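Asks: Take the two lone chains, each set in its own frame, and fit them into one complex as the hints suggest.
One-letter residues, chain by chain:
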Amino acid sequence: MSARNEEYDFKWCPGCGDFGVRRALEWALEAYDAKHEQKHSMNVVVAGIGCSGNMVHLLEGEQPFGLHGIHGRTLPLAFGVKMARPELNTVVVAGDGDFLSIGGEHIAPQAARNLDIACVIMDNGVYGLTKGQSSPTTKFGVKTSSTPHGKIESEVFPLKLYMSLGVSFIASHYSSKPKELAKLIGQAMEHRGFAIVHVQSPCTTYNDNYDQLKGDPKKGIAPLVWDIPADHDPSSHQAAEDILNRPGIPIGIIYKGDAPSLEDRQNEIRSKVKARTPEQLLETYAL
Amino acid sequence: MQSHDFVIRFAGDGGQGVVTSADAFARTAAQVGYHVQTFSTFPSQILGGPTMSQVRISTNPVLSPGDQVDILVAFNEDAYKFHSPDLRKGGVIIYNAEQFQLPTGGSSFGIKVDEMAKTTGNARASNMVVIGAVAVLIEMPLDYIEAYVKARFTRGRAEDAGIIESNIKAIRLGAEAGKGSGFHVGELAPPNPPKHKQIMITGNAAVALGAAAAGLEFYAGYPISPATTVLVWMENNLIGKGKFVYQVSSEIEAIGALIGAGFSGKKAMTATAGPGLSLMSEGLGLAWMAEIPCVVVDVQRGGPATGLPTKTEQSDLLACMHPAHGDVKLPVIAPGSVEECFYAGAMALNWAERYQGPVIVISEFQIAERTQNIPRPDLGKLAIENRRTYSPNGNGQQDGFKRYSDWFGGEEMLPMPVPGGPGAYVANGSEHDEIGDTTHLPQHHVRLTERRFAKVKLLSDGAFEAEHTDAPALIMPWGSGKGSGYEAYLQLRKQGIDVGWAYTMFLNPLPEKLLALLRSKDLIIVPELNYQGQWSGLLRWQNVRAESITQFTGLPFKTGELTQRLAARLSQRREAKVHA
Chain A
0 MSARNEEYDF KWCPGCGDFG VRRALEWALE AYDAKHEQKH SMNVVVAGIG
50 CSGNMVHLLE GEQPFGLHGI HGRTLPLAFG VKMARPELNT VVVAGDGDFL
100 SIGGEHIAPQ AARNLDIACV IMDNGVYGLT KGQSSPTTKF GVKTSSTPHG
150 KIESEVFPLK LYMSLGVSFI ASHYSSKPKE LAKLIGQAME HRGFAIVHVQ
200 SPCTTYNDNY DQLKGDPKKG IAPLVWDIPA DHDPSSHQAA EDILNRPGIP
250 IGIIYKGDAP SLEDRQNEIR SKVKARTPEQ LLETYAL
Chain E
0 MQSHDFVIRF AGDGGQGVVT SADAFARTAA QVGYHVQTFS TFPSQILGGP
50 TMSQVRISTN PVLSPGDQVD ILVAFNEDAY KFHSPDLRKG GVIIYNAEQF
100 QLPTGGSSFG IKVDEMAKTT GNARASNMVV IGAVAVLIEM PLDYIEAYVK
150 ARFTRGRAED AGIIESNIKA IRLGAEAGKG SGFHVGELAP PNPPKHKQIM
200 ITGNAAVALG AAAAGLEFYA GYPISPATTV LVWMENNLIG KGKFVYQVSS
250 EIEAIGALIG AGFSGKKAMT ATAGPGLSLM SEGLGLAWMA EIPCVVVDVQ
300 RGGPATGLPT KTEQSDLLAC MHPAHGDVKL PVIAPGSVEE CFYAGAMALN
350 WAERYQGPVI VISEFQIAER TQNIPRPDLG KLAIENRRTY SPNGNGQQDG
400 FKRYSDWFGG EEMLPMPVPG GPGAYVANGS EHDEIGDTTH LPQHHVRLTE
450 RRFAKVKLLS DGAFEAEHTD APALIMPWGS GKGSGYEAYL QLRKQGIDVG
500 WAYTMFLNPL PEKLLALLRS KDLIIVPELN YQGQWSGLLR WQNVRAESIT
550 QFTGLPFKTG ELTQRLAARL SQRREAKVHA
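Sequence order for the protein chains is A and E. Each step along the first sequence adds one to the number in numbering that gives the first Met the number 0, with nothing skipped, and position 18 is 17. Each step along the second sequence adds one to the number in numbering that gives the first Met the number 0, with nothing skipped, and position 256 is 255.
Take these hints with a grain of salt, some might be off.
[To be verified] Quick list of in silico lysine to any residue cross-link-like pairs, SDA-like style, CA-CA up to 25 Å:
#  : chain 1 : residue 1 : chain 2 : residue 2
1  : E       : Lys149    : A       : Glu282
2  : E       : Lys512    : E       : Arg564
3  : E       : Lys194    : A       : Glu278
4  : A       : Lys271    : E       : Ile238
5  : E       : Lys194    : A       : Pro259
6  : A       : Lys255    : A       : Glu25
7  : A       : Lys10     : E       : Leu440
8  : E       : Lys380    : A       : Arg275
9  : E       : Lys328    : E       : Lys194
10 : A       : Lys10     : E       : Glu430
11 : E       : Lys240    : A       : Glu5
12 : A       : Lys273    : E       : Arg375
13 : E       : Lys240    : A       : Pro259
14 : E       : Lys178    : E       : Leu141
15 : E       : Lys242    : A       : Leu281
16 : E       : Lys401    : A       : Asp8
17 : E       : Lys240    : A       : Leu280
18 : E       : Lys520    : E       : Ile496
19 : E       : Lys242    : A       : Leu223
20 : E       : Lys240    : A       : His35
21 : E       : Lys401    : A       : Ser1
22 : A       : Lys142    : A       : Leu223
23 : E       : Lys196    : A       : Gln279
24 : A       : Lys38     : E       : Phe400
25 : E       : Lys401    : A       : Glu5
26 : A       : Lys273    : E       : Lys194
27 : E       : Lys401    : A       : Glu25
28 : E       : Lys242    : A       : Pro259
Treat the hints as calculated values from the structure; they're not laboratory data. Here the structure is a predicted model, which means the values were calculated and not measured.
Same shape as in the complex, but just chain E (with noise of 0.2 Å):
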């Protein structure tokens, strides 16, 4: 029988080319049509320790990294113990022997990976010895690896005919290693290629893609993992008249820089962590109460403090939302997928532009640096929203405009004055009157709060997903969570289980008819990678009966897991209605 999905893990010291191999075996799979998605972890320093890349490769569409292991590649014995625990029953482990030896009998088997590689006279091919061996467990073609070698190495070098050469080889080498070893995992079905166009990229990359596509002009950054390679992306690609990036000094300098950008009239935007967002929260609260328009990305880590920056946690919600002192709560787009960091990244923008404000994308590690192969977005189609300016009938004077004046709702805000134009201001982070003068007078607080509030509620028509809705509770991750949570949802639903499905990125605010929905149900479960359920916790605060179940190891959710976790909870709510 064949198989639609394996799980290939590749686990070693860092530099022993653990990601590069499952890099290149997802793309190898993604470029005939596979749907892959990749997971990594790897230590907090610039070579060695330990390190894991895993490929989840299927038919259909992949949602999350996958429960448990169908092969484990070990480059070396401390990965071999540390991640034999997770192979499945039947799985095999392929081994470098030239590091360890493993008592035969078991369900595994050596490779001599560099001295294979040095045999077609390229010692950097042992990427493809390995790759070749997998393949041969899963019955996979080798022409798919063949093509992709050709495809990634032709690159208009008089070398690339002799790389090309060794690295077939080397897969050759590798594919009759795993025949020999006798083990055989399962079938590999054909692949079920798409029809649209589709494109492979990282979360991180999405999300920068996105904005640049939505018009982003300006940009400061300060390295931080995991969301240094926004930074990297911007120095490279935001380039040409008009546009600005900058390695700045620290995240203080950042959301300075952004929104004196903002305020100038430019679409500004930086990406952050944690540590970053800490720093950056008496920013924000300017950003808010001058209301300029701008957009943090906070791509999360393990936290508090330096926490655990090379792993993936949920645990800056609160952190996003009400970042700042006094009375604040920003507006907060969460991406659940690959995917959605393209679209969370330009609509950022928009938001920012449409309600003048800041505006904060909570990515996470686990989504950030995730690879997957994607539906290619259509930037013709892509809304891209421009800012009210203020100009009075063109005669370019000064004609007593106040920007902040009332404000109370209506279908836009109130056009905003850009330096070098008519209707001068001052953009004041002390309260202020209509025309940003500081004022303790009540009246205008009272009057500049309601506004400030007022105003986000120009971007409660979100889009969001629902499933059966007439059932009486519902499941609604946010985030990463979307991805096994759903999974979780479609394995109770085959259970015969009656639970709905609820899910959307635009948290702040909610979609209005979603929160009406949600307010309508007797429970609402929220799967999340955090210790206190911070959106439930956020949730009850909108009147909706929500509680958490929570994982706080550092490691994204575990579908099969999710799944018990989240049935035990829903037959004690069927034991206790009973008991009523």
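One chain only, chain A, in its complex shape (with noise of 0.2 Å):
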């Protein structure tokens, strides 16, 4: 059930991270139609199978177009969204699991396209909806229904992953904070270019990490997320890498390049060739 349709059958545990990055995604949407004056049916969601891809169905308000596609696949349907109308504000929700694991192959081939989408990834460190499974940012070691006797694999750093790649605006943050979070998703939005926010969304059920994430005085634990300072300069790699070798989780935009997008590149190189007819590519063959 969602505030819109009493029909539909699926919900968010209690506390699940997704709720705010939800509002988080509501807000940044508004704030970019209202910028470029334009209808809220131009923004297109393309959503991974999960519990963060039901994001799409859960928006509240007026409705933008949503595709919510197959297990893994947000990247090659938002790359078609996005060059057959590249008027349209295309933005990708999907977790850890759809974008790290059945779907990281598709992450490389954007990055080097520079494809220009904003991806909101919810990372709980877990598969929840098929019910606790590890998943690829499950820490070593750690104890899931599929790994009974501990997490064989090393876990996958996300923001290094996204900085060998080449992805060319990358932003780290977590669900406590939808205002920060807004804002973040939408200077992703501006950004011409292949855009990830990768949101630190702690599954209740599953992975509550909540207290390490934020930290708690009380119990002794020192949070984990930390402020990027001010005077960081994110269009410098060296020092996105040197915010990336820090212990804990940056909080902000960590790299931001200013490469040309692939509606950019398209344009240069394809607007010198000349175009052709149907029935002029016809008379090619002729006898």
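Replies: Structure below.
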């Protein structure tokens, strides 16, 4: 059940981080509409499979267009949407399992093209919808239903992965501060290129790590998250690498490059090629 | 006596000029009004390896590659050994005497092809030496070849005249060698040029051109034999405002991109072969489930897995019609000739727009790579269909339109909202309600499963061929089986065997009237190039008494063999009737 559809039969668990991400996304889309004086239907939300993908059905208020596809394929779908209609504001919402495991093969090509979309990745370190199996960001040694004796694989570090693949806008945040997150998502939408906002969005049922993220002085837990200093230069590759080499989870914009987007490259190269009509093409085969 | 039909086969290693010789000979003949068809096989490697390319030249339209070889041009000894058994009695072998020697007194003679070409001052004219020798053996006027050379090499460059002169010298040297051999294969009857305008094109180029003519806007593909030439064609030609073409990172990405583009309102297509089709399986299920128009061309090769990448087979039919898990049966168009490839490309886009879903064109190696002269399509008469898009009275406001509401038939689909316009919904691969939100309620799964199958019926008005339908049994090939199948059918009729003919390129849904005809017959015989008899199986599922005559060699049917097998099956049937 959702606010707009009482027949819809999916819900997030109480306290799920995705609630905060939803609010942030709604605000970011509204702000984008206002800034660009566009109709809300110019937004397309491409959703992965998993708890986070249900975002596209749970958005409240006026609806954007949605594409809720198959597991791991948000990026191919978003690539099709964006290059078919470059004027559409295309946003991917997916989780760590969808985006980094089954869909991991699609990140490098989009980074190489610098596809102009914004991705909001909700990382809860677990497969929640299938009830608690290990995901790429589950830590080494952790016991889950599919790793009953402890996880054997090393964990993936998504921000370092994005950096090494050449993603042109990399930001990191967590779900408890939707206003700040909305601002980051907005900047990702404005960025002309491939933008990823990686969000720590805890699963209260299978991997409740709110305390670790935010820290709890009463329990003597130091926070994992730390604010990126105001003097950080996100256009500097080296500065971004330095941020990523520090322990914990940096909050803010880590890297922002200025490579041309796929659409810009496309226009640059193909505008020089003379277009021929079907009749002219047919004529080249004339006997 | 004059002959109306010759088969010339060129064979050797890749890089020896096998394909270029065949192509030049085919174009020479087509330019003066003969009908031609080429057929080639080559290994899956960049250079070298056993390659053959044959040209069938005729005064009548050519339906199949031809069974027996009249002239074999062997560029090396392996080619001679492998291909000489296909030479008909009275046929002649021309071999490259620089590579090997054959004893005199047989039906062969050698030419030092490269040495001869060098004496013209143009070492690259060796193809013309060969063609000159071939022409003499069938009494083809050398003027024809010279006219081709002039047309081919007149490119407005200073060196044109020299190139033309050396090539003409090469033709004459080859012709002298042919004459000197004392051999004679036959006398080619003069051409009977068709009155209509013609084009000369391959099947893959035809399917690409057909799609472009029907308004293709978006192409995403991944290189794979034998579909790569479609991607290359698109990269060169799908250019201009609102058009997009891209070599993507995999077939999984290709189908995803098509769905994204189709969802956004564009006409989108890809071309692939068996392994790529397998990777598109889940995506095609999504396109069916979410009702997104898009077209996938599967150019069949031998399978499964990597299979036989450069051989021909019709073994992807089940995979094309039922590519995905769950209740899915996709519309399938199977062109049976180069000409049909053009219309299949165009019709597939129309179908996708009309029924709002994925459509498969199932082509095949031997059609895709074949060059043929065909009637020039009249683009002015080509019907182009565009999907109905949703726009409520132009006020542009959301008005609660429900894309996935009930639809169980009618003249056309309900309109489809596109991003930027009104009627926002979620195109959903999970079962959904009217606005596309996920639901597991039985009534929605029943309602939408029925809707997805009902709308395929909008496509059941396709054209079909039927002859002698009063006969108790019909021959019904599909795809590439059309040419040799029709030749075999004509031979059987000539032998006085009462058998009829049925054919369509629209395999799913079958044209309604054709399906009724097939169901009324005792026996439908399907010649097809696969082990299981896939099309007859699918026909039996639709209550048609069908059985297959199969071949799975990686090669096309030979008309003579097929005629014999069909005759044997039909006489078996008559005997069974007598005993009953």
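Asks: It remains to establish, for every hint, whether it holds in the given structure.
Replies: Hints and how they fare:
no.: 1; hint: Lys149(E) - Glu282(A); verdict: holds, 19 Å
no.: 2; hint: Lys512(E) - Arg564(E); verdict: violated, 28 Å
no.: 3; hint: Lys194(E) - Glu278(A); verdict: holds, 20 Å
no.: 4; hint: Lys271(A) - Ile238(E); verdict: holds, 10 Å
no.: 5; hint: Lys194(E) - Pro259(A); verdict: violated, 53 Å
no.: 6; hint: Lys255(A) - Glu25(A); verdict: holds, 23 Å
no.: 7; hint: Lys10(A) - Leu440(E); verdict: holds, 15 Å
no.: 8; hint: Lys380(E) - Arg275(A); verdict: holds, 19 Å
no.: 9; hint: Lys328(E) - Lys194(E); verdict: violated, 42 Å
no.: 10; hint: Lys10(A) - Glu430(E); verdict: holds, 16 Å
no.: 11; hint: Lys240(E) - Glu5(A); verdict: violated, 43 Å
no.: 12; hint: Lys273(A) - Arg375(E); verdict: holds, 24 Å
no.: 13; hint: Lys240(E) - Pro259(A); verdict: holds, 20 Å
no.: 14; hint: Lys178(E) - Leu141(E); verdict: holds, 12 Å
no.: 15; hint: Lys242(E) - Leu281(A); verdict: holds, 18 Å
no.: 16; hint: Lys401(E) - Asp8(A); verdict: holds, 18 Å
no.: 17; hint: Lys240(E) - Leu280(A); verdict: holds, 16 Å
no.: 18; hint: Lys520(E) - Ile496(E); verdict: holds, 16 Å
no.: 19; hint: Lys242(E) - Leu223(A); verdict: violated, 47 Å
no.: 20; hint: Lys240(E) - His35(A); verdict: holds, 23 Å
no.: 21; hint: Lys401(E) - Ser1(A); verdict: holds, 17 Å
no.: 22; hint: Lys142(A) - Leu223(A); verdict: holds, 21 Å
no.: 23; hint: Lys196(E) - Gln279(A); verdict: holds, 15 Å
no.: 24; hint: Lys38(A) - Phe400(E); verdict: holds, 17 Å
no.: 25; hint: Lys401(E) - Glu5(A); verdict: holds, 15 Å
no.: 26; hint: Lys273(A) - Lys194(E); verdict: violated, 33 Å
no.: 27; hint: Lys401(E) - Glu25(A); verdict: holds, 23 Å
no.: 28; hint: Lys242(E) - Pro259(A); verdict: holds, 20 Å
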